[in-house]
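Student: Numbered per the working numbering, the sequence shown spans residues 1 to 1013.
It is possible that part of the hints are untrue.
Claimed, not checked - For lysine-lysine, the following DSS-like pairs were computed, each having C-alpha atoms within a straight-line distance of at most 27 Å:
1. Lys737 x Lys716
2. Lys444 x Lys512
3. Lys737 x Lys915
4. Lys475 x Lys498
5. Lys905 x Lys895
6. Lys737 x Lys670
7. Lys681 x Lys718
8. Lys718 x Lys670
9. Lys470 x Lys444
10. Lys444 x Lys475
11. Lys737 x Lys991
12. Lys952 x Lys502
Unchecked claim - Between beta-carbon pairs, the in silico distance windows are:
13. Asp486 x Ser647: 54 to 62 Å
14. Pro316 x Asp393: 35 to 43 Å
15. Ala479 x Lys448: 32 to 40 Å
16. Gly394 x Ser466: 48 to 56 Å
17. Ser160 x Arg191: 18 to 26 Å
18. Thr509 x Asp949: 20 to 28 Å
19. Ser329 x Arg650: 34 to 42 Å
20. Ser309 x Ser644: 30 to 38 Å
21. Asp393 x Lys448: 25 to 33 Å
22. Asn454 x Ser309: 51 to 59 Å
23. Ser506 x Ser466: 35 to 43 Å
24. Ser481 x Glu649: 55 to 63 Å
25. Thr509 x Glu946: 37 to 45 Å
26. Ser309 x Ala345: 46 to 54 Å
If you are wondering where the hints come from, they were derived from the structure by calculation, not from laboratory data.
Heads up, the beta-carbon is just placed ideally off N, CA and C, and yes, glycines get one too.
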Amino acid sequence: MQSRWRSCGIRPVAWTWTWSLAVIGAWCIPANEVNLLDSRSVMGDLGWVAYPKNGWEEIGEVDEDYAPIHTYQVCRVMEQNQNNWLHTNWILTEGAQRVYIELKFTLRDCNSLPGGVGTCKETFNMYYYETDGDEDDMEDGRMRDGVGITEEEDRVLKESRYIKIDTIAADESFTELDLGDRVMKLNTEVRDLGPLSRKGFYLAFQDLGACIALVSVRVFYKRCPFLVKSLAEFPDTIPASEASQLVEVVGRCVNNSVPLYEPPRMHCSTEGEWLVPIGKCVCKPGFEEISGSCQVCKMGFYRSQLESSACSKCPPHSVARQMGATACSCEDGYYKIDSDPPSMACTRPPSAPRNAISNVNETSVFLEWSIPVETGGRKDIRYNILCRRVLPDGRGLEECGPNVRFLPRRLGLSNTSVMVADLQSHTNYSFLLEAINGVSELAKDHAKQYVTLNVTTNQAAPSPVSVVRKGHTGKSSIALSWAEPDRPNGIILEYEIKYFEKEQDSSYTIIKSKETEMVVEGLKPSSVYIFQVRARTSAGYGAFSRRFEFQTSPYLTATSERAQASIIAVAITLALVLLAVVAGFLLSGRRCGYSKAKQDPEEEKMHFHNGHIKFPGVRTYIDPLTYEDPNQAVHEFAQEIDVSCISIERIIGAGEFGEVCSGPLRLPGKREIQVAIKTLKAGYTEQQRRDFLWEASIMGQFNHPNIIRLEGVVTKSKPVMIITEYMENGSLDTFLKKNDGQFTVIQLVGMLRGIASGMRYLSDMGYVHRDLAARNILVNSNLVCKVSDFGLSRVLEDDAEAAYTTRGGKIPIRWTAPEAIAYRKFTSASDVWSYGIVMWEVMSYGERPYWDMSNQDVIKAVEESYRLPGPMDCPEALYHLMMDCWQRERSSRPKFDEIVCLLDKFIRNPCSLKKLVNSSHRVSNLLVEHASVEGDCGTRSKTIGEWLDSIKMGRYTELFMEGGYSSLETVAQMTSEDLRRVGVNLAGHQKKIITSIQEMRVHMNSTNSTVNI
């Protein structure tokens, strides 16, 4: 008994018979367990009841710390028919529906007992009895005394009320040898009991003949203990009785915190564990979470949103002058609007616009400026324009009237330019440009800052005649009168009257008058005529009026009929003669199309070059390598630009020699334009510098709308730069991939026509590109395609069969003709092969030629006569042209001027593109997408109104007429800025009209006659 137990209050226990026992009892209790009974913690006698009295025996001792030790033991193994009961006191459940019973005991091995024992057992039974109080035992005792119930009857009555929990067996038993060594083997068994429905219960232990020492009995239940999590308190919670049940508990937010979205919840399991947390609490605005509690924000800090966790320092130009601030107030002279987030700095109004310039065009003024030096810290800068007319003789200023138009508007401009139209001619105007932002209205005490521009308008052409009236009508004449234009802009010198028979606008007559009336004679009877009138001043003609329809009288005399017949006969005769002349010329000259027969190499040495007369002095390409000093070629063909005129704004790509950037170019006396800037990276060698500038000396020799334009070079400072025009839509292959399926076939053919036109120009100059591919075609905002990247290009000799032979290096296999791959020989015919690949790329919207085949597989397949299949929805006529470009014999391939001619035919006759290569029974939906282009493959719009109606934009007809756009020829020159000027402000409508105008230009360029839409 002298051994010392150090862990969890361990105490020894002794037997008092013929042997002693040392057992271990633990005082440590888990946090989620609550004891209802613990025999080790009772200071006095336990007071349990034993039946019979000579059965279970309580042994009370003290340990070395004089703490009581209670042990119940029984060992009547020498006697027969044992039935010994031990009843505990009444145990209060405290609301628990399921409890646990932990027993610690020792049991002797029956085989180790001396011979002659009775019925030795190695188990005992445990029972329980539920009741709402412990008074029942007292009543039972009184009843027994008053009525004379025997002790045995009372015992049987009590035992009948108990329900068996389990039979308890020992895992370890001890022997007599263990007694000698004083080493006892302690057993621990735990049983659960439930569900319980009464306030309490009794436990009972039944011995049927075993040698047992019941060292300790602990009855407890499990609970989910008090918990603080995510700033929420969860109280002690008793679990449900069923093992699968979870008890939901709603937490309470503490310490200046509030629920985030929903109240926090957790679930208590039967094992006393908190599970499934839902929701949480967060600190109120003005407080932040630190070490599990909400602390108030210090001065100079704020917290406004529940989503953020910590207090933030006040943004610039604001301050929090008290603790617990939810927002910061602005300093004097700085402001915020309601929509500004709390984290945004306080701002102030901007300074005046800067670098304002004006460009006067007759009675219109284009104003342009730069953003203010001081934006006030905001990005929502807008601009207001105040227009004032300078009164004669210095009498002051007056605001411009409502007739002056501002395009796109006068107030709230987001861009830094505006067009002011319909001003008076030869008049002085003063414009005030004001920059504002979101807080300008709040800054009442802030003096407004303007920049002033004074301009004088020029003499301008008159505005269109708005009204044309019909007077007396005869069989061959119509009397007309009209009103002077609303804005004559000077003295009207004369009027021009244009008229033609309806539906025959390709043939019209123009007569002039100095008065506002005229009789038009020589007309056909019973015919409808279209009349238009325009005025002329010393500044030139104004736009024609809208169309007016008038009809002549129906009566015809016999003389008139004979005269008309004579005129018709003469006209037919002249037409037949003219037709014969034209036919003879066409038969003698080269027709549109091409022959696949082998061409005579000497043909190209004649004065006719590819079907065009080669006049002396026609410019040809000069190879920069022929110069002894390559720098001389650069300065001869490229303009030197001062580096101060260029601003690099952003990087748009990377080239072989360095980065490719974009930015504005401001040349003296010229308007600022956006350009692309190729730079030569630092650390270059002299050879790399020459190779870099070599491309500029090539580009500088070209001047064609479908060849990328060289603006100049920077060679006198670092970095060395090549400046070219900026193409907004980038490379053609990337542009097509981004806009897959978005264009009509006519638009795609228009792109191909532009590329072919550029290549025809290079071929006529005697130049081979060698790297023609969609990646080397650039596209601007008007869908104009331009050939670029002359890094692999070489010059052709005069001999048509001559070619450049490379000295090695990489060749773009998928785009290169077979003879160029095999023999390193490049000609214009090999460029035609590459053009066929470009056609395939365009019609497949940037798909990779030959897909994932290796270069070697491509070479082998082409040698074995394999050709790319037709792309989806590709017209058969275009695919036939591709196949002709891929002829094995280069002399059988078409020339570029023949390709241009054929594409023009397709554009003039869209019906020829209806049949698809991959479906003989399906019409391309892309081809007929825009009625303005296709119509019914026979009908063409002839007036502004008809054209706008065909694209469902008829609402703008009057605006176009009022803006001076009275013919399709003038409309074809319109830009997006022009559309805004006439009043088309919706972005979707602008895009639709511009697309149709681009298609119109394609037809104009191809037909070179009256515009057909």
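Student: Below or equal to 27 Å on CA atoms is what counts here, so check Lys444 against Lys512.
Tutor: Given pair Lys444, Lys512 is violated - Cα atoms ~60 Å apart, limit 27 Å.
Student: What's the verdict on Lys737 and Lys991, does the C-alpha distance respect the 27 Å limit or exceed it?
Tutor: Holds, at roughly 19 Å.
Student: Is the straight-line distance between the alpha-carbon of Lys905 and that of Lys895 27 Å or less?
Tutor: 16 Å, holds
Student: Could you grab the alpha-carbon distance between Lys470 and Lys444 and see if it respects the 27 Å cut-off?
Tutor: 59 Å, violated
Student: Run the distance test for Lys737 versus Lys915: straight-line Cα separation, threshold 27 Å.
Tutor: Distance of about 24 Å is within 27 Å: holds.
Student: Do the Cβ positions of Ser309 and Ser644 conform to the proposed distance bound of 30 to 38 Å?
Tutor: 50 Å, violated
Student: For the hint 51 to 59 Å, verify it against the beta carbon of Asn454 and that of Ser309.
Tutor: Given range 51 to 59 Å: holds, Cβ gap about 58 Å.
Student: Using the C-beta atoms of Pro316 and Asp393, is the stated range 35 to 43 Å upheld?
Tutor: Check failed, 52 Å falls outside 35 to 43 Å.
Student: Does the Cβ pair Ser309, Ala345 satisfy 46 to 54 Å?
Tutor: 22 Å, violated
Student: For the pair Thr509 and Glu946, does the Cβ-Cβ distance stay inside 37 to 45 Å?
Tutor: 22 Å, violated
Student: Run the distance test for Lys475 versus Lys498: straight-line Cα separation, threshold 27 Å.
Tutor: 19 Å, holds
Student: Mind checking the hinted window 25 to 33 Å against the Cβ distance between Asp393 and Lys448?
Tutor: Given about 29 Å between the Cβ atoms, the range holds.
When the structure is compared with the earlier hints, violations turn up for hints 1, 2, 6, 9, 10, 13, 14, 15, 16, 20, 23, 25 and 26 and for no others.
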